Amino acid sequence: MKRTIGWLVWAAVSAVAAVALGAVALHRGEGINSMWLVLAAACTFAVGYRFYGKFIAARVMALDDRRATPAERLRDGMDFEPTNKWILFGQHFAAIAGPGPLVGPVLAAQFGYLPGTLWIIAGAVLGGAVQDFTILFASMRRDGKSLGEMAREEIGRLGGFTAMVTVLLILIILQATVALVVVNALKGSPWGTFTVAATMPIALFMGLYLRHMRPGKVLECSLIGFALVVAAIFGGQAVSQSAALAPVFTLTGTGLAVAIILYGFVGSTLPVWLLLAPRGYLSTFVKLGVILLLAVGILAVRPGLQLPALTRFTDGTGPIFGGKVFPFCFITIACGAISGFHSLISSGTTPKMIARESHALPIGYGSMLLEGFVALMAMIAASVMEPGVYFAVNSPAGVVGATPAAAVATISSWGFPVTAAGMASLARTVGERTLFFRTGGAPSLALGMAHIFARAGGRALLGFWYHFAIMFEALFILTLIDAGTRVGRFMLQDMLGHVSKPLGRTNWMPGVIGTSAAIVAAWGYFLYQGVRDPLGGINTLWPLFGISNQLLAAVALSVATTILIKMHRARYVWITGIPLAWLLVVTFTAGWQKIFSPLAHVGLLAQAGELGARLQTGALSAAQAAETRRLIFNARLDAVVCGVFLVLVATILIDSIRVWTGILRGTRPARLNEAPFVETQLDPEGL
Amino acid sequence: MKPLKKLGALVWALLRELADESAYRRHLAAHGRSHSAAEWRRFSDERLRARYTRPKCC
Chain U
1 MKRTIGWLVW AAVSAVAAVA LGAVALHRGE GINSMWLVLA AACTFAVGYR
51 FYGKFIAARV MALDDRRATP AERLRDGMDF EPTNKWILFG QHFAAIAGPG
101 PLVGPVLAAQ FGYLPGTLWI IAGAVLGGAV QDFTILFASM RRDGKSLGEM
151 AREEIGRLGG FTAMVTVLLI LIILQATVAL VVVNALKGSP WGTFTVAATM
201 PIALFMGLYL RHMRPGKVLE CSLIGFALVV AAIFGGQAVS QSAALAPVFT
251 LTGTGLAVAI ILYGFVGSTL PVWLLLAPRG YLSTFVKLGV ILLLAVGILA
301 VRPGLQLPAL TRFTDGTGPI FGGKVFPFCF ITIACGAISG FHSLISSGTT
351 PKMIARESHA LPIGYGSMLL EGFVALMAMI AASVMEPGVY FAVNSPAGVV
401 GATPAAAVAT ISSWGFPVTA AGMASLARTV GERTLFFRTG GAPSLALGMA
451 HIFARAGGRA LLGFWYHFAI MFEALFILTL IDAGTRVGRF MLQDMLGHVS
501 KPLGRTNWMP GVIGTSAAIV AAWGYFLYQG VRDPLGGINT LWPLFGISNQ
551 LLAAVALSVA TTILIKMHRA RYVWITGIPL AWLLVVTFTA GWQKIFSPLA
601 HVGLLAQAGE LGARLQTGAL SAAQAAETRR LIFNARLDAV VCGVFLVLVA
651 TILIDSIRVW TGILRGTRPA RLNEAPFVET QLDPEGL
Chain Y
1 MKPLKKLGAL VWALLRELAD ESAYRRHLAA HGRSHSAAEW RRFSDERLRA
51 RYTRPKCC
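Chains as they are written, first to last, in my numbering: chain U, 1 to 687; chain Y, 1 to 58.
These are computed hints drawn from the structure, not numbers from a lab. Hints may be right or wrong, so weigh each one.
[Claimed, not checked] Result set (DSS-like, lysine-lysine): computed pairs, CA atoms no more than 25 Å apart in a straight line:
(1) U/Lys-54 with U/Lys-566
(2) U/Lys-54 with U/Lys-2
(3) Y/Lys-6 with U/Lys-217
(4) Y/Lys-2 with U/Lys-217
[Stated by the list, open to error] Far from chain Y, by Cβ distances over 12 Å, these chain U residues were calculated:
(5) Gly-77
(6) Glu-81
(7) Pro-101
(8) Ser-268
(9) Leu-276
(10) Thr-284
(11) Ala-406
(12) Arg-489
(13) Thr-506
(14) Arg-671
All values derive from a computational prediction rather than experimental measurement. Virtual Cβ for every residue (Gly too), placed ideally from N, Cα, C.
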């Protein structure tokens with residue numbers, strides 16, 4: 001009887017999922033309510049978890065709770081520690097949720113809400129969650145080994161080395177891209193700049209408080225830090241209204257880029273406890289709090305979507321970034337659907353803390369589905385704005401025209417009416433001078449979030465909520481930058497240590513400073529070129545980041561497929577094989593188009609060629625000619641970077657195929673590198 | 001009331017885990033030490049050294 005009721009409930013959930021997905025996909029004309037999206041995602045994720053996730057856990061991985069996990073076998077009270085599954089679920093989710101699932105959907109909304117929403121739902125269930133779950137499982141069976149180590153052991157030395165180089169390159173592009181998002185959010189905004197700048201002394205104070213005044217009281221210290229940050233938001237409003245202080249905090253894009261580059265260098269060389277750690281704690285709590293707040297806000301307000309399901313820009317002529325909905329929607333939304341970076345987290349701290357093998361399902365598969373929800377909320381936040389406002393904020397001056405009058409004329413001609421007076425009024429309401437040309441996704445996400453929060457808590461607070469959202473985004477992006485620079489430095493030192501021993505030592509100051517400078521210079525260069533790009537920079541950097549992130553996912557899925565074949569589960573190889581094939585098609589198509597498309601707004605070489613032709617007319621001034629030469633060089637450099645990514649992943653893939661065919665033909669031993677079975681001694685009722 | 005209490009306890013435990021306070025408590029128990037400023041610094045340095053050599057997610 002109970003079983004029958006269970007099946008009936010799941011049949012009903014599946015039916016609701018189908019109806020909601022149908023409503024989202026087929027609705028045209030009047031705006032649809034955001035609850036349809038929430039319902040479609042919630043029911044699909046529930047069905048995916050219950051049936052697909054459990055199928056993989058039981059049939060493919062054969063998770064065994066009698067088997068002791070590394071957390072039990074290698075327990076050290078620090079890294080290896082059996083942890084309650086819901087606590088670990090929260091910790092893993094906090095680690096995988098970054099700016100990606102928030103910014104990507106906002107940018108992809110240029111195609112309308114439909115393509116991105118469907119990709120988030122399908123991608124998370126069939127791709128992202130599968131990748132996170134399989135890598136977590138593989139690492140858990142290998143004493144918590146990293147993705148690079150598993151690639152080396154399961155595929156070969158070449159695969160391992162290539163994976164490490166790929167990660168380093170991705171880190172560089174990632175830092176530049178997210179730094180550009182912050183620059184574009186703070187450009188010409190004294191309120192935002194002051195608030196974000198104030199988080200630095202606040203973090204230093206927190207570091208000293210935690211080290212010397214109240215050692216160990218991290219929660220207490222973070223609460224004080226949060227109160228100070230909220231005070232800084234109000235202080236920022238006062239600064240923006242002060243004739244003396246406002247100019248000091250009104251910075252150009254270049255000024256902000258230089259400030260962030262300096263911050264990245266200093267942050268990565270200072271002792272971790274002083275700046276990085278307190279910022280990291282604060283950022284984690286604020287991030288989780290705001291995500292929860294946004295979820296509550298959307299459920300309370302149930303806003304209607306203003307953006308159409310599909311826009312005319314599915315044809316590839318979008319102002320935010322060039323390229324058709326296929327493949328570019330699928331690389332623009334990486335985190336939230338499938339993100340290669342998650343494989344680094346799934347093979348990092350989490351596998352060392354899992355108490356039972358069966359916990360890998362909610363933690364690996366379930367956390368990714370929750371991240372899909374975060375991406376969906378970002379899509380909703382972008383879609384609740386009037387389309388004209390959305391495009392006015394996100395379109396670069398180089399596409400829509402350099403003045404507000406020109407921009408509104410261009411955007412209105414696309415069928416998305418917007419007025420300069422309306423934009424000016426909106427900017428005044430949120431305490432900004434202008435909201436035109438604020439590319440990068442963060443300002444429009446902040447506007448959407450502020451719109452939802454203000455409807456729940458009064459329109460008078462719109463300015464506060466806008467800057468709260470900007471602070472929230474900048475806070476954890478800067479955390480990503482300082483920590484990423486440090487990690488990049490370690491990786492570089494690790495590589496250089498093979499050439500010169502002192503360079504590999506993390507306590508040799510000349511080596512530390514030199515390698516930090518090299519990493520900062522690498523991402524700083526891409527950031528600088530993005531800031532100076534007349535098309536806003538994000539149109540090039542975000543697709544590059546998306547391609548690289550998805551290629552890392554392809555590396556992770558190659559490793560997972562190799563492991564499945566070695567486990568004699570070749571008949572289930574489609575589980576990782578289908579998302580892998582999809583990612584390869586998407587990323588190689590996008591990469592190829594980014595390099596070789598004859599359309600200048602898509603292809604980097606075509607863009608360089610068009611600029612070269614302009615140069616050859618001789619009609620440019622000396623300054624313009626120098627600028628054009630720089631743009632040509634940058635376009636070619638980006639094309640080379642994109643090509644390098646493709647070659648690196650092709651190398652790993654070919655190496656993997658060699659291993660797969662060898663095992664399947666019987667010419668190569670299917671030697672698994674799993675830790676031996678040890679029976680658990682943990683209390684089955686505990687944890 | 002009981003489920004709410006349970007949820008509250010879980011959230012509190014999660015916050016303490018994210019703040020490394022639980023890990024510190026385990027560290028003290030595992031090594032048979034008591035809390036002091038120097039002990040926290042020792043624990044924190046070791047913990048942060050490991051954490052900040054791993055990439056953070058985007």
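Hint check:
Proposed proximity of U/Lys-54 and U/Lys-566 is supported: the alpha carbons are some 21 Å apart, at most 25 Å. At roughly 19 Å between alpha-carbon atoms, U/Lys-54 and U/Lys-2 fall within 25 Å of each other, so this suggested pair holds. For the given pair, Y/Lys-6 sits about 23 Å from U/Lys-217 by alpha-carbon distance, which is consistent with the 25 Å threshold. Distance restraint check for Y/Lys-2 and U/Lys-217: the Cα-Cα separation of roughly 28 Å exceeds the 25 Å cut-off, and the hinted pair is therefore not satisfied.
Separation of U/Gly-77 from chain Y is inadequate, the least Cβ-Cβ distance of about 3 Å not exceeding the 12 Å criterion. The claim that U/Glu-81 is not at the interface with chain Y is violated, since a C-beta of that chain comes within 12 Å of its own (minimum 6 Å). The claim that U/Pro-101 lies off the interface is violated: its Cβ sits roughly 9 Å from the closest Cβ of chain Y, which falls inside the 12 Å cut-off. Remark: the non-interface label on U/Ser-268 conflicts with the geometry, its nearest Cβ contact in chain Y lying 9 Å away (cut-off 12 Å).
Taking the minimum C-beta to C-beta distance to chain Y, about 6 Å, the non-interface status of U/Leu-276 is violated against the 12 Å cut. A cut-off of 12 Å between C-beta atoms contradicts the statement that U/Thr-284 is not in contact with chain Y; the least separation is 6 Å. For U/Ala-406, the requirement that its beta carbon stay farther than 12 Å from each beta carbon of chain Y is met, with the minimum near 34 Å. Once the 12 Å rule is applied to beta carbons, U/Arg-489 is inconsistent with being away from chain Y; the minimum gap is 10 Å.
The Cβ of U/Thr-506 sits about 9 Å from the closest Cβ of chain Y, inside the 12 Å cut-off, so the non-interface label is violated. Every C-beta of chain Y lies more than 12 Å from that of U/Arg-671, the closest at about 27 Å, which supports listing it as non-interface.
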